[in-house]
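Asker: Each chain is listed here by its residues.
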Amino acid sequence: MRKYLITAIFLLFISLFIVPGVFAEKQYIYDDANIFTDNERTDLENRAAEYSEENEIDILILTKDESDGRDIEPYIEDFYDEQGPGYDGDHGDTVILGLDFSGGPGDRDLYVAGFYAGEKYVDNKRAAQIVDQLIPDLSVNDYYDASLLYFEKVDKYMGVSPIVNPDGFLLQTWFHLLVAVIIGAAIVGSMIFNMGGRVTTNASTYLDANNSRVKSKSDRYLRQTVTKTKIQKNTGGGRGGGGGGMTRGGHSHSGARGKF
Amino acid sequence: MLVHYKCPNCGADMKFDSASGHLACESCGHEEHIDTFDDVNITQSFEEDEAKEYHCENCGAVVLTDADTTATSCSFCGAGVVLADRLSGELAPAKVIPFTISKEEAMQAFKKWCKNGRLTPKGFMTADRVKNITGMYVPFWMYDLDNDVEVKATGTKVRTYRRGDYRYTETKYYRVRRDIDISYLKVPVDASEKMDDELMDKLEPYDYNKLEGFKTPYLAGYLAEKYNYTDDELFDRVKAKIRGFLDTYIGSTVRGYTSVNYEQKNIRTKKAKSYYVLLPVWMVYYDFDKQEHTFAMNGQSGKIVGKPPLSYSKAALWFSGIAGGSFVLFKTIAIMLGGDIL
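Here the protein sequences come in this chain order: A and B. Reading the first sequence from the start, the letters are residues 1 to 260 in full-length UniProt numbering. Reading the second sequence from the start, the letters are residues 1 to 342 in full-length UniProt numbering.
The shape of chain B in the complex, shown without the other chains (with noise of 0.2 Å):
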């Protein structure tokens, strides 16, 4: 099944705008609010072998899509289509985040972003080469956890006095022990199997008041991707980016003692919800140096993430410039307190 939004003004193809948070007609500016949208200009077409092509409703064409997508724009016309059959049932996404940063704009924060990397050589930060740069909305599990976590520590209190000729070191020890109910919120945990894991984890925070419930207009010309991971089987890993969290909190609970050893820490992590979301990203791919870099911009915040090139030679040059500096300021403390120039 494949969704195609027309214009119900003119009668051309529609896109999610992200800017007003509607659906834009391109050519003659008409909106429509997604949620009143008329479902007379939404034209699906139901295909007979659904697992191998869709045609795209717009021309007819054959929309070339790999397993994983569910929106993309047809190859022939442009027109931004959303692959539905693909976002139903079990893989219905709850919510989305729509975009609120539009191509352009992240494309100007994007070579402001090189501009500014001080480290990147110079035929970098121009950032002419940029090969493609796509608006992506990627697969994420949120959890809803709730955790038990029950603490046996020692803890050592360490006072020291003096006495007569003597210094006396006084340890007292505590049996620490701690009962806990930690809870988090819709913690993300990437569910594409394409996408680096590392990267999407530095493109958080998303802020949780923009998340809506999920409907197709948004996907409008943009990628989008279903998941390849169940919340099941990414359930480790979401107890993995946690666990530091739970050291912190559980750190904070026992105050005042000169040193803390852990005996046990017995963490029960149990999943409250978890929720099928769609999470705006751009995907920026930049040719440099017969490499191909790979950029990820959060298409809410403007967050970009992703490494660059490194200029050996601007290194050094900082290195120098702040050693060199500290090192002059060095010699200037030490002289004005009466030290030798050399």
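In isolation and in its complexed conformation, chain A is listed as follows (with noise of 0.2 Å):
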């Protein structure tokens, strides 16, 4: 009898760690503007509750029409403000991509957005990369594409330290190899140039500096020449613009916004 007890408080322990993970089925896509089929919706959130799982964020999408008014970005940031998704519990680290398809086709907005790690992951320079390379699906109609590739760009750049470009040419392998080259070219190099013995007299090895001085000196102001050069906005390159901000409720968060 004592033997049943102790298993089923051993079990009831347990099932305490296992219960909310099985009932509090978490959501994903926000498909208000109803954009895809129900096959579709419910593939996309398998996939996003894998690629959430795995990186340790939460990774959601957003749709809307005409019948909300708002702009995308304070829409993505009253969502987070009401919802408090986050994979490490209320407002926590997620990653938004919302789609607005208030306007006609090249005039609906996109943005991508990043809570805390997301935040810091998917700063604004990154999320302005996502949204250059989700532009090209979604301007075909191709929503679900998109988000696969959304998926995986997220994956991939969660993954990426956030001091280097994830899609830059310092983590090409290309690059490795070259630089690599270049460097046992110019070692070797030197060794052979200096098989010979190499020069070891320099300007001061036989300068008499008692006797060596400036006699006469003028640097004189002749003129000056000023040139100016517009500075270009959209740092970010390409069409992806924006930069984060802040919500209502004090969450910071970075974001790029283009249109499709």
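Hints listed in this document are in silico derivations from the structure and should not be mistaken for laboratory results. Backbone N, C-alpha and C fix where the C-beta goes; we use that ideal spot for every residue, glycine too. It cannot be assumed that every hint is accurate.
Straight line, CA to CA, 30 Å or less: simulated DSBU-like cross-link-like pairs of lysine-lysine [stated by the list, open to error]:
hint, chain 1, residue 1, chain 2, residue 2
1, A, Lys228, B, Lys157
2, B, Lys95, A, Lys125
3, B, Lys303, B, Lys111
4, B, Lys239, B, Lys210
5, B, Lys152, A, Lys217
6, B, Lys172, A, Lys217
7, B, Lys202, B, Lys122
8, B, Lys6, B, Lys122
9, B, Lys303, A, Lys215
10, B, Lys273, A, Lys217
Partner residues are not named here, just some residues of chain B that face chain A (Cβ under 8 Å, in silico) [what the hints assert, rightly or not]:
hint, residue
11, Cys10
12, Val305
13, Ile322
Put the two chains together into one complex, using the hints given.
Answerer: Structure representation (structure tokens):
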């Protein structure tokens, strides 16, 4: 009898950890504009759950149409304030892709926002990179493929330290090969060059410092020229622009927007 | 005139000893200070036709020399002899830096150097094919040079700043004038026709604190040559040699500009003094792969110069090691930062 009791308590104890995961089914796709088919939506939910679990961050997609008059950015911010998504708890680490179908083709807005860990790993620049890469698919109304690409990009960017550009040449194999070959050639080249002995005298070896001096010097100002160039906005590069902000609830976020 | 040094103790031949800096007798070990060596022990012979033939004072054999030799060893009895008439008058050296590295030390150092050759073929590294190692006093001219330099240049200072939506680049131009005295002391240039100039330049620097007044006993037991070029003939070469030094000095007086464009560098070089000096060099002749390789060692500092043969397979090995290693390093850093494996 006592043995059963211990087992029962043990099972109860275990279930405390498991049960919330089972019952609190999380939603990742909020398709208010109804752009996905039921199959697509189920599939995307599953994938979002996988990617979110793997990267320990909630990866969400919101869509809206003209029935909601708000701009996409405050729409995402209000959603975040109200729903409080987050992998690590309420108002936690989240990345959100917002698609606004209010306008006609070419005038629709998209916005990628990162909160907390999302703000760190999907910063303004990276958000802009994602936006730029999603636009081709979105422009041909391929929302499902764009969503998959969005998951893949966030998945990739979450794994890359914020100090480097994940799509930049610094992480490319050809760049590593190139630099390695240059270093090898430079070192072996200088070894071969110095095989016969190096010149070890320099300008001060034979200099008679006591009898060397500047007798007279003059530096006269002549004129000046000034050129001006206009500073390009959109420092994020490409069409993705914008930048982060703060929700009304006081949650800071990164972000970038674009049109499709 | 041939000079030969006899040991006052036992009568054998004396040679200059690089370790003590004295004349030393090889058979009894007796040492004589160069400054106080008694003249009675110096045998001098005057030849009737000096230009052609010298007879060894020790054994009477003909000493074979070429026209530039000023010190050598008798090829029959091995006694070190100095051809004093070729070291007098116009041809008298002012200074000499004596050898501080002996033949054995030079050989050891050369072997060690060969062993450290990271790009030389394996057979070369053992240094067992050294054909000949010769201690030689090479004639140099040393110049004290005074340079009067006038520089005309335009300097720019560039500043960029941002105002509103514009970035401004402001370039200020300055007229730069400099009048400089630059002096160099004892810049050496090799005055022997036989010696490769590039090789001799790389042997520098010598420690001038050991520069001694010339005395013939320093040459006993070594080879020595007289100069083939006068100081005036080599003046252009010394000017070319200090040109880089001058540019560095001039550059150091024009500071604080973003860019400097020299319109004129008026350099007047005056020879304040020139000395004829003999500097110690160990010449190493090495037969490898049917080719003779010549190396030179600074007889004072031990610095070795000369092109050893290159092993392409070793160079390839080094290259692949370094390139491969740095590739792995970059890849590791990239993976740590979150990059993909490929």
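Asker: Look at each hint and say if it fits the structure.
Answerer: Each hint, compared with the structure:
Only pairs whose Cα atoms come within 30 Å are accepted, and Lys228 (chain A) paired with Lys157 (chain B) is accepted, the gap being roughly 16 Å. At roughly 71 Å between alpha-carbon atoms, Lys95 (chain B) and Lys125 (chain A) are farther apart than 30 Å, so this suggested pair is violated. Between Lys303 (chain B) and Lys111 (chain B) the CA atoms are separated by roughly 13 Å; this keeps the pair inside 30 Å, and the hint holds. Note on Lys239 (chain B) and Lys210 (chain B): the hinted pairing holds, with a Cα-Cα distance of about 25 Å set against a maximum of 30 Å.
This hinted pair checks out: Lys152 (chain B) and Lys217 (chain A) have alpha carbons roughly 10 Å apart, not beyond 30 Å. Between Lys172 (chain B) and Lys217 (chain A), the direct Cα distance comes to roughly 18 Å. Compliance with the 30 Å bound is thereby established for this hinted pair. For a cut-off of 30 Å, the pair hint linking Lys202 (chain B) to Lys122 (chain B) stands: about 25 Å separates their Cα positions. Proposed proximity of Lys6 (chain B) and Lys122 (chain B) is contradicted: the alpha carbons are some 45 Å apart, above 30 Å.
Under the criterion of a C-alpha separation no larger than 30 Å, the hint pairing Lys303 (chain B) with Lys215 (chain A) is inconsistent with the structure, at around 38 Å. Restraint check for Lys273 (chain B) and Lys217 (chain A): satisfied, since their Cα atoms lie roughly 28 Å apart, inside the 30 Å limit. Nearest Cβ of chain A to the Cβ of Cys10 (chain B): about 42 Å, over the 8 Å cut. The hint is violated. The restraint placing Val305 (chain B) at the interface with chain A holds, with a minimum CB-CB distance near 3 Å, inside the 8 Å limit.
Taking 8 Å as the C-beta cut-off, the interface hint given for Ile322 (chain B) holds, the closest approach to chain A being about 4 Å.
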